[in-house]
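Engineer: Each chain, letter by letter, is given below.
2 protein chains.
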Amino acid sequence: MEIKVIENVMAYNKLEADSNREFLKHNNTVMINILSAPGAGKTSLIIETIKQLRGNFKIGVIEGDIASTHDAEKIKNLIEDVVQINTGGTCHLNASMLAEAIRQLNAGSLDLLFVENVGNLICPVGFDLGETRRILLSSVSEGDDKPVKYPKAFIKTDMVVLNKTDMLPYSEFDMGFFSDSVKKLNPDAQIIKLSCRTGEGISEWIHWLNDVMKSGKKPDLKF
Amino acid sequence: MEIKVIENVMAYNKLEADSNREFLKHNNTVMINILSAPGAGKTSLIIETIKQLRGNFKIGVIEGDIASTHDAEKIKNLIEDVVQINTGGTCHLNASMLAEAIRQLNAGSLDLLFVENVGNLICPVGFDLGETRRILLSSVSEGDDKPVKYPKAFIKTDMVVLNKTDMLPYSEFDMGFFSDSVKKLNPDAQIIKLSCRTGEGISEWIHWLNDVMKSGKKPDLKF
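The listed protein sequences derive, respectively, from chains A and B. Going by the numbering used here, the first residue of the first sequence is number 43, and it counts up by one from there. Going by the numbering used here, the first residue of the second sequence is number 43, and it counts up by one from there.
So here's chain A without its partners, still in its complex pose:
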């Protein structure tokens, strides 16, 4: 009797991610997977973006958390298409969870789908969800050493957003050190500096998103 062995859980995740990606591409839905440490401002960035773009695009959000519907409730005040994934302790989203959320959201009808991953700079990095683009969100209040200390998160991203620039006057954050560290790890990654509170840099972020939307939604993916 043959014993079947799942050699690589990640290989299965990749298959599921490719399936998600194919479905979204077929329906011209752009999916943005946002990774960050806890409290960097993923929800705030999504809320500001929805306010800017909901007149032009049909937007949905998948909220990933180990527990609670705290963030999903905030988003639900703005748009209808929100699904909460509670992982029940698991430290990252995977492509199978996304497949179910995409189904529940009827995501093929959306122009733009944000995924707020579980707040964690380590475990979500290895899990392709089938996203069109991946964003690494860092924040001034976390300090300028995050690229040095969590290098894979900054390597495996299409772009870096640095939030909470309004905190710069009250911190010892060294922008040169941060930018140089990111460039060493990921020379192609653009860095957008913004503050969801003051609105600084939001227009640059919206411009970047618009470019992704316009680019035929068929980017060169890293996965």
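It should be emphasised that the hints constitute simulated quantities derived from the structure, not laboratory data. No experiment lies behind these values; they were computed from the predicted model shown. Here a beta-carbon is modelled for each residue, glycine too, at the ideal position from N, C-alpha and C. Honestly, I wouldn't trust all of these hints.
To be verified - Here are the computed lysine to aspartate or glutamate pairs in the EDC-like style, where the Cα-Cα straight-line distance is at most 20 Å:
(1) A:116 - B:64
(2) A:116 - B:253
(3) B:116 - A:216
Stated by the list, open to error - Computed Cβ-Cβ distance ranges for the label pairs, DEER-style:
(4) A:194 - B:98: 38 to 46 Å
(5) A:99 - B:130: 35 to 43 Å
(6) B:64 - A:194: 32 to 40 Å
(7) B:245 - A:111: 36 to 44 Å
Since the structure of chain A is provided, determine the placement of chain B on it from the hints.
Structural biologist: Frame of chain A; chain B shown alone:
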């Protein structure tokens, strides 16, 4: 032929943790395991504490990171007894890693041993290291919703330290909501509010540490 099965990796971790705890207790070494999200200020808290206590106690530090010796180098400017554990991608420290670090540090000669865990509010929670006390460090700039969103981290701790209180004037942090959320999850956990930058609350933290040191170093452990 019998096939041996490791039924529970966590059971092995518990054995190793108990061994670490027994060794430390035998040598009257108090070990404090500090958990937090990336950038909450674990290193800053350890540095401030060393400055306050190094005249009275022999202090050592075990630095846990997925990569780099960034934090260990800062500590090494203050004290000799520092060991860096680079997990190489693993999202938490475990008791076996600690056993090796304790050996390398000759930790039985220390009065006080700080463990700076990998910056992560999820995965380190389940891993007993053999610590005398566990601290959950949160920070004002991460927002007041961390207990709601990462409940296990706040349940499985002996005490909560809220850092960066100097940021309160520049944030919408609701102290009542934060404190109530912590109390619901962990009614016995003291909350110490402090700022490593201004020094506010540091004396209360030192007082707490002194009590742990004086209490015969045989606390009622939760593990």
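Engineer: Next pair to validate is residue 116 of chain B with residue 216 of chain A; report whether the Cα-Cα distance is within 20 Å.
Structural biologist: OK: residue 116 of chain B and residue 216 of chain A at ~16 Å, within 20 Å.
Engineer: Between residue 99 of chain A and residue 130 of chain B, does the beta-carbon spacing fit 35 to 43 Å?
Structural biologist: 41 Å, holds
Engineer: Is the hinted range of 36 to 44 Å satisfied by the C-beta distance from residue 245 of chain B to residue 111 of chain A?
Structural biologist: Cβ of residue 245 of chain B to Cβ of residue 111 of chain A: about 39 Å, so the range 36 to 44 Å holds.
Engineer: Is 38 to 46 Å a correct range for the gap between the Cβ atoms of residue 194 of chain A and residue 98 of chain B?
Structural biologist: 40 Å, holds
Engineer: Between residue 64 of chain B and residue 194 of chain A, is the Cβ distance one that fits in 32 to 40 Å?
Structural biologist: 36 Å, holds
Engineer: What's the verdict on residue 116 of chain A and residue 253 of chain B, does the C-alpha distance respect the 20 Å limit or exceed it?
Structural biologist: 42 Å, violated
Engineer: Straight-line Cα separation of residue 116 of chain A and residue 64 of chain B no greater than 20 Å?
Structural biologist: Violated - the C-alpha atoms of residue 64 of chain B and residue 116 of chain A are around 48 Å apart, more than 20 Å.
Violated hints, listed in ascending order, are 1 and 2; each of the other numbered hints is respected by the structure.
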